[in-house]
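Two chains, two separate frames, one set of hints: put the complex together.
The primary structure of each chain is shown beneath.
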Amino acid sequence: MSKSAKPAQTAVEKIAADPITFEVLRNVFVNACERMTTIMQRTSFSPILADILDFSNAIYDPKLRLLAQAANCPVHLAAMQYSAEAAIRKYPIDKMKPGDIIALNDPYQGGTHIPDITFTMPIFNNDDLIGFAVSRGHWMDLGGGAAGGMGFGTHIAGEGLRLPPIKLYENYKINEDYLAIIMNNTRTPFFVRGDLQAHLGALKSAEEELQRAVQRYGKETVLDTMDALIAYTERIIRNAIKTIPNGVYEAEDFADTDGISPDPVKVKVKLTITDTAIDVDLAGSSPPVKGAINSPYTNTASAVLYSLQFFLAPNAPSNYGMFVPISINIPDNCWLNAKWPSPTIGCTTVTSSKITSAIWQALAKAIPERVTGSTGSDCNWFISTTNKNGATNVFSDLPSGGWGGTPYSDGMSVTMDPLGNCMNMLAETAELLFPIEYEAYELRQDSAGDGRNRGGLGAIFKVRFLCDGELSQETSRTREGSPGVNGGTRSGVQRQTRIEVSGEPVVIGGIDPQGSWHNPLLSAEPFTEEEQFMFESTGGGGWGHPRLRPVSSVVEDVIDEYISVRKAREVYGVVIDPVTFAVDDEATRGLRGA
Amino acid sequence: MWRVGVDVGGTFTDLFAWKEGSDAFTTGKVLTTKHDRSIGVLEAVRKAGIEFADISLFMHGTTTATNALIERSYPESAFITTEGFRDTLEIGRQHRKYLYDPYQTKPKPLIRRRNRFTVPQRTNVHGEERRALDEKAAREVAEKIAERGIRSIGIGFINSYSNPSHEQRMREIVKEVIPDAYVEISADTRPIFREHGRFVTCAIRAVLMPVMSTYFTKLENGLRSAGFKGSLLILKSNGGVMGAELAKQRPEELIESGPAGGVAYAAYLSRNGGYENIIHTDVGGTSFDASIVENGQGLITRSYELEWEVPVSVPMLDIHSVGAGGGSIGWIDEGGGLRVGPHSAGSEPGPACYGRGGTQATITDANLILGRLHPSLGDKFTLDVAAAEAAIDALAEKIGLSRLETAEGMIRISCETMAQAVKGVVLERSRDPRDFLLASFGGAGPMHACFVARSMNVPKVLIPAEAGVASAFGATAMNIRHDVEGFHYADLMTGDFAPINDIYAKLEKRAGDLLARDGVKPAEMKFERTAQMRYVGQTYEVETSIPDGKLTDSHRELIAQAFHVAHQREYGTSTDDFPIAFVSLGITAVGQIGQPPVFSYKKGSATKPGSREVYFDGVWHVSEVHSSDTLQSGKTIAGPAIVEYPDSCAVLPPKSQSVVDKVGNLIVTLNH
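Residue numbers (my numbering), protein chains in the order written: chain D, 7 to 600; chain V, 245 to 916.
Just chain V, same shape as in the assembly (with noise of 0.2 Å):
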């Protein structure tokens, strides 16, 4: 039986699959179908030469999810919310994104102000009723909900976090009204505390369920009908997968379906080249991703935001993106600074040298213009020098560098960009770059990734052999996952811990839930604990571990050194002044669903280079040209050289050193 990731991106639809117990791969690419997308994943398992019916997993990533967010393209959903809080979700935090802009307008709110409605009640904070839910109101309201035809409803209370029972009222009462609806209850979404993260976080679910049940029910139908017989499995933010009927119902968790995949691939070569620490990046021809993996996992964030003041409040892989790759336009801004990106040329019309009409110089120009490129791009076709040529000179002109170094120039700039992305990751999160190797994805990775480390003081690259589809090889390199969380405030010395111990019981029985949903039998049950926790007075919380079983006195002081520890590593700095509060617990929940062997590397054959001028740090350089078919595992290069791989190339600057690892990977060594 055969495992399958389907990635589905912008421009292609990637797949990857491996036969279990075997170490049988294959690959397939077509372009992706943009008005209905399942056409493209049936037409790229039918590329590879895949019979539906020998398909035990189906792993797919998607971005229809966050898609539809950003375009604001679902149904017209309502809110219902306490008494006084209409408008949380337009308010947002009353702080603005650019400090002296004077003509900024925040994102629409993601439900309309008319379809947001407020029911007299009240729960205190430590869930006591402080007033009860008018249940006429209510009735009124969910009678005005339906008169408009809505069917996407989503209720968050002020304090629903300690007790949920008016919101599970207001559910059943809407539900009465309206038996066909989505409704859909913060306490449910996530039952932690800041109202803000907890409202926005149950409207994202509101309005995504009618979408993503339509693309989920659509996908499986051509799959079953095609023969498939296996499990549809989503992948989530969180760097797991989930089964398609849970994400249905929880599809606030696949605003980084797309990019997980990515990660995961990271990962899988983290576990299995013995590469401990990974900065994993991604670049296309307008963004840029970064994010970390450390000890064969992703680096976890809580505060996301999809948009300014647009958070969601569920632990998602940390990727950073900025508007920077082999599209993005050169310019000259108001105080004469040659500046890259973030505009981007994209695919049309493309680099100048594309010869579709493009006129600005883009890095893949200036690329193309120091010899990095070769002119007939993986001879899919022949790029236009003279045109690149023109476009840079233009921008040369106006600052006064020469062609070569406006060139060289516009390509520092934009690695620093990527270097910024990188380190919002890795400074943000108090890591340090000298530690990871930087493992390069995408069309336009390899080409600056030796750059973007160099910025960084990443001292080694990874180029992996299947850069062309991994994120749909990392899709099939993923276990399910769950993280359920509860909030419970506790001091650390002092706190009871029976009720701690009660709610991690509780817990872990709701993740074994879901993970029974998605068929994992008990044995391949795995559960970890985590708690977020502050020194008291704080208000950001920092991921703790915390032991197995029972919870007793002995445990404290043990929890407490877990805290500074991850304290010191996020953010630099830990005390034993203040004491330790919890302010929510957690349960990692993972179904071990086996993972892709090491594939065994086919040999190269060992051909001689071939050379070209390559343009470096002011100079040319003769360079070596080695075909990416001819990296033998143990092959050594010496920068300057290019290697040529089907779907991109790797710019290897004079002085690194690099070696091809048993399974295929470039690994260069850049010697600062």
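Same shape as in the complex, but just chain D (with noise of 0.2 Å):
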């Protein structure tokens, strides 16, 4: 993939000789990702990996370019692309062999941040290189500062082993030199060998489905086909580009802070549209950071790039075709295009969904009737106990916030942001594996961003700690809601929260309710036995103005507590008895108007 936009090809007019062999081999291309996902999920050992699912697997064609992918994480996206390509730049392929998987996770090579590692392995039928396939993982822990990674601090060194590609496996054989230095490094060293099994498993059965497929159908087949799906794509893409008109479109939105300066940190999008192409510039964003928010060109363009699928072709087959028709300027001097030895750990969760909020935003100027919401920023928590008989346990979760509103319906709630598609820890799980307790997983009433169709809800998320620990989190959103469209307003903010063993709430993040802000990075946070941490996720952006919703769904909304009876009265002008939900009509069309 080259950094700026190749000159507009001639879209493929047809795409195969046969159109049949062609739509039955799309097919095959999908289910040997998915049967990756398949077996990662039930093998793995972290949670992160099994209960999570923050991975993502990959198919690519012999030149190595993206063909198929089951992503959990939109976010891996492009990323694995790039990982893919720094491995083979490293351990050419005319030395590699079948078996052989080079491992990276270093983020100036084709890594995002240190707990992504990638594994790539060349695909031979006979002695015919056919393919690659690739598997990507957000290791539990690859030690640093502090557990997962999140040290916060303000060098790369702090957030854990950087792994330039190495050969990690030989014919199949795990180099055990490495391995020891893997688990020598991480809080967690039991997961790694079953972790690394699952990968080797994703690998070898996207292995045997691509062998199966050239021997079905024959070599030649397949590889004109994987063009022709590329090219396919491709065509989809700037057909969907065509619908947007030509024009510049510009727009901006903050990280909170990097966690060391209590200052905002900006990306600026510029979108420019000229018929199948679309250029996206991020001059103008702030320039690197000390904290740990910066992000490498690898995650930047991947968060650029499936921001766009959102409204482009969502439902087109994810490969190297999407790629072509964008092209993406990213200055050197820019925390957006981070290099050594800036810290990172913070890019696929605050700084990508800062990009895709940005980016959407953009868009809403050029296709207002078609853009959503932002959803509510994401994050993540990892908590480190170490109890009575000095065993630590790492332990995290992906507490989500809500999808925005959207010309159709309401945003989703409590679901991952665009970046991931990971699920939640279930309390008794979490419960059974860690020396903690869930107090809370519910919806949080008011946070969504009001509209026409309002957000979806965040959550309120509370665990008790049940021996001594160290939570850390990233998060962001906590100074303004996420943004929403046409009228439609800003979610609420997040916040996070100590409740001392008193019962007394402390807020340790956002704002408190004397309006004093504090810095929602938290790194290595002491909790007691028995204190417990709370965090308020924010809800999505409204779409269209709130005076415009329906009355009757707003009476059903405050009926399910989804909304106050103030809010009704104050933002949607709906005024309702809060015991019989009657609503007073008189009242109501005094604030609506007519």
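In short, the hints are calculated from the structure, not lab data. Source: prediction; values computed, not measured. Keep in mind that the hints are not guaranteed to be accurate.
Unchecked claim - Partial chain D-side listing against chain V, Cβ under 7 Å, derived: (1) A56; (2) T378; (3) N430; (4) L432; (5) A433; (6) E448.
Where a beta carbon is used, it is the ideal one built from N, C-alpha and C, also for glycine.
Shown next as structure tokens:
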């Protein structure tokens, strides 16, 4: 992938000589990736993979172009492409043999942040290279200053073990020396072998599927179809871009802080639509920051591409063809183009979600009738505990917020940010494995942005420590909520609270009741036994003016306690009796007009 | 006495009955009576000419429970849970169905938020009380529910699988306030961990109880007043049956009650035909079902979802469905690709060739054009070839292929979609398709079976003699079956076996009681022990067989080996690197009620086959056309050929070799 736009290629007119085989093989490629996902989910050991599904799998053609992807995490979409390229730069393909697997996580060599490890394996049929399988997983812990690499310092070395491309497997056999280094550099060595076995199983299943396809349809047909499939997606994307009016559309959004300085950090986006191509220029974004939210080129580009995908062709096969019509310019001296030794741990969440929001707001100027409100920003937490026997546990979850209102409906409540598609940790699963108790996992009233179609709601999470421990969390949207569109309002703000043993709540991140703001990048925050941590996530932004929401929908929302009677009156202009839920028609007309 | 199986489908209600102690059987088919399905059921019996008083067991598969859930057509219901967890039923697992669709929504919660209540209480993971149940708050909640006139109530507390006493006390309080309510607790529906699945399953039981009570009572009254004196048994999702009284109380076990009959028929064929491993497939007008039968048993899953994030945590036959069938419509997508389905022309307007106003090209139209389907469809009505041609031509023009290429291509694509569903069960469960035989049921099944099999590298296809009433037949081949489970986490090598022996004894007692309530005598009861086990640290379990009798240290290694084998089979890997743990213990209790015999196959007459031109692989082939009533045992047919059955036709491609087995099944060997 090049950094600048390729000259707009002529879209291939017909998809392939044989559209039937094309359709058949298209399914084969997608299913190969889905099978990888099943194997990862069912056989991995760390809960962040098995329960939360923070991983993605993909297959590539022999030219190392993305062919199909079962992406649990869109933020991995293009990042995996760069990782695979970096792996093969280091280990040229003519020296590779079946069962050689290259692992890397270096943010400056194809990685994004330290915990995301990528495994790249070439696939051969007899001696012919027929593609690559790539599996990427967010590992629970690879060392660093706090569990999950969440030290939030000012140097990458504080975020854990940084692996350049290494040949971790040769002929399907692991290099025990490398393995020993990895196991020496994690708080959770007991997960390592099992998780590696899961990645290996996934890669091998893709190998089998691709070999089966070649044996059945012939190498020529399969490789031709790969080309045709990439051209097909490119054509769909170009047709979709055509439906957006030509023009230049700008917007910006902010991360609350880099965790070191209290200043907001800016994402500035300029989209230039020219017929069937989009240029994305991030000039004007903040310079590199000291703290942990710098984003390597790989991560930034990935965020740009998946953010656009939502409003281009959501159902098009995810492959290299998606990247071709889109050029990306990221200035060199910019927090969105991180260089050694800038820390990057927060880039996949805090930073990616702001890039998405900025791009969606820019698109809202071009196609307001199609764009949704922004989603609740994303965050994750890592809890590290040491019990009385001295055993260390690392526990993580990805507490989500709501999605923005859409032209057709209210947004989804408590659903993972566009950047990922991970699942939550169930209370009973967590309590079985870790010395904690969940006290709440419930919708948060009035947390959504309001609108004709309101955002989905955020949630209240409460977790109680059953022994002393530390908590790290990266999040944002603590100063201002997720933006709405077309007159829809912003959602509420996020907040982190310590509930002391006495029951006394103390805000430790976000805005406290006195109006003071606290840094929401919490690193190794100590908690004592029986203390609780509460996180209040935000909802999605609203779509359209709230006063245009039908009165009956407002009443239903009040009955279900999604919104309060007060909000119904003040924002929606609907006056409702809190006991009978009867609408005061006259007062409502007064507030809404006519 | 007759043993009767009835399957109520979307269009037809099918009946199959056999006379106990003989090999006499009869069948019946009537239109389904949608306003009250029990009417059609009674009609089917009359049509088959069976006296109600002569029926011993009446076995019934129904989609009523599933329909009520999907349509949310049940009385307003309530759910009571631990403070802080009001929204577990609504939040689900916080992921989305479509990765990039910004407009998607989630399914409506089974119970609305206004009717979900919380009560202060807490039990910890070890089953110890952390906070007592707030009796005053509990009573207030019950009173509020009473005020709203709600009579179906589910109760689910966090960690109740480890100690149900708070849920039980909550139920007592609700019962005191609303004596006539259906009140269900999650520890009863399925006492295993992971609150989301347990709460949803409990809610499903609660909301369905009034619906299914009404339906079964009406059906039973209808049968009784017609003179029926035997037992009414209901098909369950696990591939067994249970009595109607129990079915009213355990309706969450009825989700696959409809399709279960077909799987049971495949299992019957497997046991009696010597076909060890069968892929069961069923193709109708709009959907395709696939499942695996191994060693005479349908494969079971514990990770079924009714809808996105609506899991049903009970052991169920692992049936995968996709939108592909005779009515599937061909279309061109935005990238210029030819696609088929999942939209279907259904029965109204139906395929273009039905001449009922349909203009879009369907799979049935494609089969007609290729000569695979005869225009005089079973002499029932004549298909309109010109309309089919016009529909296919319209599509052909857009993609620049000929009419015939387009028609054959549509069928290939559709068969590929069906093959994906088969892959869903076969590869997902790490089975090798080459070890299987694909059995094809349903009106559109035998037309496509050979192509689906070919796409999956399945070497053989079975087309049964009684495909038209497969599900009803299968119903009569089922045993009474109950699966009960209890949570118990312990390390295999170091854990204490005393509590495990104790739990198995209790579970066996509970399962025995359930069988007794279904009228099974102790001598007819059979118990099998299983455990859900995993490598320590993993979060997904694999079912492992556990030996009978008291477990001692000498069993540890044996169980470990059984687990490794099961893990290897399900996921393709196993390892000695990690310790193994029990997560939950289970009993499968079977009440053996006798199986249908192998019915002697009536030999057909040996008439000379006809012939017609059929299009395969881009060429017209002169193909033999056989009528199903000429299929004598041992007869062989070389493809290309067509076999016409009363309700369907089998398409046998070139190079295939078919032989009629001793009971009239057509066994097709494909030469890939």
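Going down the list of hints, with the structure as the test:
Satisfaction of the interface hint for A56/D is found here, the shortest Cβ-Cβ separation to chain V being roughly 4 Å, below the 7 Å cut-off. Interface hint status for T378/D: upheld, as the beta-carbon distance to the closest one in chain V is roughly 5 Å, under 7 Å. For the restraint placing N430/D at the interface with chain V, the shortest Cβ-Cβ distance is roughly 4 Å, inside the 7 Å limit, so the hint holds. For the restraint placing L432/D at the interface with chain V, the shortest Cβ-Cβ distance is roughly 5 Å, inside the 7 Å limit, so the hint holds.
Proximity of A433/D to chain V holds as hinted, the smallest CB-CB distance being about 6 Å (cut-off 7 Å). Because the smallest distance between the Cβ of E448/D and any Cβ of chain V comes to about 5 Å, under 7 Å, the interface hint for this residue holds.
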